[in-house]
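Participant: Each chain, written out:
Number of protein chains: 2
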Amino acid sequence: MAIHNFNFYNPTRILFGQGQIEKIDKYIPKQAKILITYGGGSVKRFGTLAKVLTALGDRQYAEFGGIEPNPVYETLMKAVDKIKKEGFDYILAVGGGSVIDGTKFIAAAAKFPGDPINIFAKGVGQGQAIQEALPFASVLTLPATASEMNSGGVITFKEKQAKLSFGSPYTFPQFSVLDPELTYTLPQRQLNNGICDAFVHVLEAYLTQPIEAMIQDGWSETALRTLIKLSPQIKEGHNDYAVRANFMWTCTQALNGFMSPGVPEDWSTHNLGHEITAFNGTDHAKTLTPIILATMKVRKDEKFAKIVQYAENVWQIQAGDDEAKYQAAIQATEDFFKSVDMPVRLAEIGVNAEDIDYLVQQLERHQMTALGENRSQTLEISRQIYQTAL
Amino acid sequence: MAIHNFNFYNPTRILFGQGQIEKIDKYIPKQAKILITYGGGSVKRFGTLAKVLTALGDRQYAEFGGIEPNPVYETLMKAVDKIKKEGFDYILAVGGGSVIDGTKFIAAAAKFPGDPINIFAKGVGQGQAIQEALPFASVLTLPATASEMNSGGVITFKEKQAKLSFGSPYTFPQFSVLDPELTYTLPQRQLNNGICDAFVHVLEAYLTQPIEAMIQDGWSETALRTLIKLSPQIKEGHNDYAVRANFMWTCTQALNGFMSPGVPEDWSTHNLGHEITAFNGTDHAKTLTPIILATMKVRKDEKFAKIVQYAENVWQIQAGDDEAKYQAAIQATEDFFKSVDMPVRLAEIGVNAEDIDYLVQQLERHQMTALGENRSQTLEISRQIYQTAL
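From first to last, the protein sequence lines are chains A and B.
Those letters in the first sequence? Residues 11 to 400, per my numbering, in order.
Those letters in the second sequence? Residues 11 to 400, per my numbering, in order.
Hints listed in this document are in silico derivations from the structure and should not be mistaken for laboratory results.
Hints are not guaranteed to be accurate.
Label-pair distances were calculated between CB atoms; the ranges are [to be verified]:
1) Gln-328(B) <-> Gly-29(A): 39 to 49 Å
2) Leu-400(A) <-> Gly-162(B): 31 to 41 Å
3) Gly-29(A) <-> Gln-138(B): 25 to 35 Å
4) Lys-40(A) <-> Gly-360(B): 50 to 60 Å
5) Gln-198(B) <-> Arg-375(A): 57 to 67 Å
6) Asn-323(B) <-> Lys-348(A): 22 to 32 Å
7) Lys-36(B) <-> Gly-137(A): 18 to 28 Å
8) Gly-162(A) <-> Gly-291(B): 47 to 57 Å
Fair warning: this is a prediction, and the values are worked out from it, not measured in the lab.
All residues carry an ideal CB built from backbone N, CA and C; glycine is no exception.
With the hints as constraints, model all of the structure from the sequences given.
Facilitator: Written as structure tokens, this is what we have:
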């Protein structure tokens, strides 16, 4: 066992800290005609958009607001049409993971030969590779997804009740502004979602099998311990810069690829969670917490050694035998999720026993029949996980 | 105290693992005319160059060998002349940190308007910024410096007995091949140098002042613990792939910027060490180990809190008061350096009391009069450090 071969690449520049929005001026070409994308309007309400416009100075721009949480294909295609009609050179996303994910798709679709639906496979398109994208950047307002420093996105298809992912080497943001002060206006619900989204991102690439990847494991454990330690201080209206700075950077690191090159990655919790959000609109992070707890139980044999390591190195559980450590780690994880008001059972997010057949059917429709780091999670195991999570 | 504002950017691709040399073909343009740079010829002896040539296929190339450990300005300028005469589009460095550092300089100098001496300031040139460089990449044969994934280099000026650094956003390798099997032919001396070079790189950005940078500190502590744990297994001829893979990746991470965005960085140990290598040719890493031990003693007040943290989190020293932990951490560091046959006193590397005046004069000549994370290390303090290290 050893680190697997890997190909690591992440060219996104990070402008981190108070007042960094003004640096936008240095990194977007002076002559660029810019489309500014955002979500529901909080960036107007809290003055972030105004700061962005000041930084852009005399540059030509237009706005495209209304990108939903779980951004919807049809909405994004309106931005693509606008770009094709009006000729923008650059997109600047101002918002959280949904706005940035949506912007990645817009950037790729605007340059895509043929129908952009074919960027996706899995029952909606043909799965053609992205070969080009408009340059884009982001101003992050919500720490959680790390979309600000990676090349992937997840798009919602409402009619098909599907959330499908895409990615390419061309869809990294050129830069992202991470100003921890922009998190001061976030409600507790979004802060809690962010904590747990980042936590589960780390677990997806950590709770697999041990391969003696010492740096990767140690960095993952650091990120998990940091989120656990910070969580009681990440409170709405409690504007401690040091806390928010650590929180923001941890969320970015949780999915920018730095911690996981050459290690197995699971992502089945995300796959199962996406079906729930597509089904009933539950916040993304709130689908992850019940599912990962059930995954740790159902796929016990496969993940046992790493969960014991997680018990020891993240939760400092040293007492008892390995079985006791394994059980204690699951309990500690459940208690942690509860401490930040996140669900630990599907019943809390409106999923009941009679919904499981549909969720499993949707997995099948989306070709999610062999999930996880070993492609061992069959539909039957996914069903067990949903049932265990009820 | 909180994470400082920072601007992070690192676009180097890493191709990691067994057999990755063949991937070169994908990442260098087919039409490129390539200058292959290397050092003393071990890349020929051990077959690495042959593998590189196979991967390059039909591409036009020429070789430029003979880049010294501590690469010398005049040697590198010969490569620059060759490029200007023969018109190369791409440089491929095959070697360790010296070859890669030298190649960065060649790449920048080949495109530099005017005399490339002006890339350097500090008594040799005018300190003009690099605005362009030839594209280049590397095949790493010696884990130590992380030059394979950063944009800096150190060049030796023999006549002036100076080692001077440079860097720019244009001098990142486009990609670097990290194949742990290429370390199997390294002699113990170079393995030990690599362990301690990486260890001190981490310490330069860690043993400063605490600013509650939780990810950065945790990642640095992981890297230090990893080097300590691996060191008894990093033995010449002991070709354990997992060990070498962890060692290689740790060395790269120790100075690619991932661990230290927004934290204070010292680098005075490197500044004082460079003067020793320029003076008597001592291996770079062997100048660092005595100097950093003395720095921990002389700059005790400034670094006390972080050295106590280092004692607790890296060396697991929990007994005694902070003073006892501070003392024990220095002793543990000294014992560690000795365990890998590295010097802990300057006498072991040919520096004696009567040489200190000259070394301090050289620091002054190179404008190294206010060193360290707080610019507090005056010439007088540097003198004390040299004396304490004797």
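Participant: Each hint: holds or not?
Facilitator: Status of the hints after comparison with the structure:
no., hint, in the structure
1, Gln-328(B) <-> Gly-29(A): 39 to 49 Å, "40 Å, holds"
2, Leu-400(A) <-> Gly-162(B): 31 to 41 Å, "55 Å, violated"
3, Gly-29(A) <-> Gln-138(B): 25 to 35 Å, "29 Å, holds"
4, Lys-40(A) <-> Gly-360(B): 50 to 60 Å, "56 Å, holds"
5, Gln-198(B) <-> Arg-375(A): 57 to 67 Å, "59 Å, holds"
6, Asn-323(B) <-> Lys-348(A): 22 to 32 Å, "29 Å, holds"
7, Lys-36(B) <-> Gly-137(A): 18 to 28 Å, "21 Å, holds"
8, Gly-162(A) <-> Gly-291(B): 47 to 57 Å, "49 Å, holds"
The structure fails to meet hint 2 from the earlier list, while all remaining hints are met.
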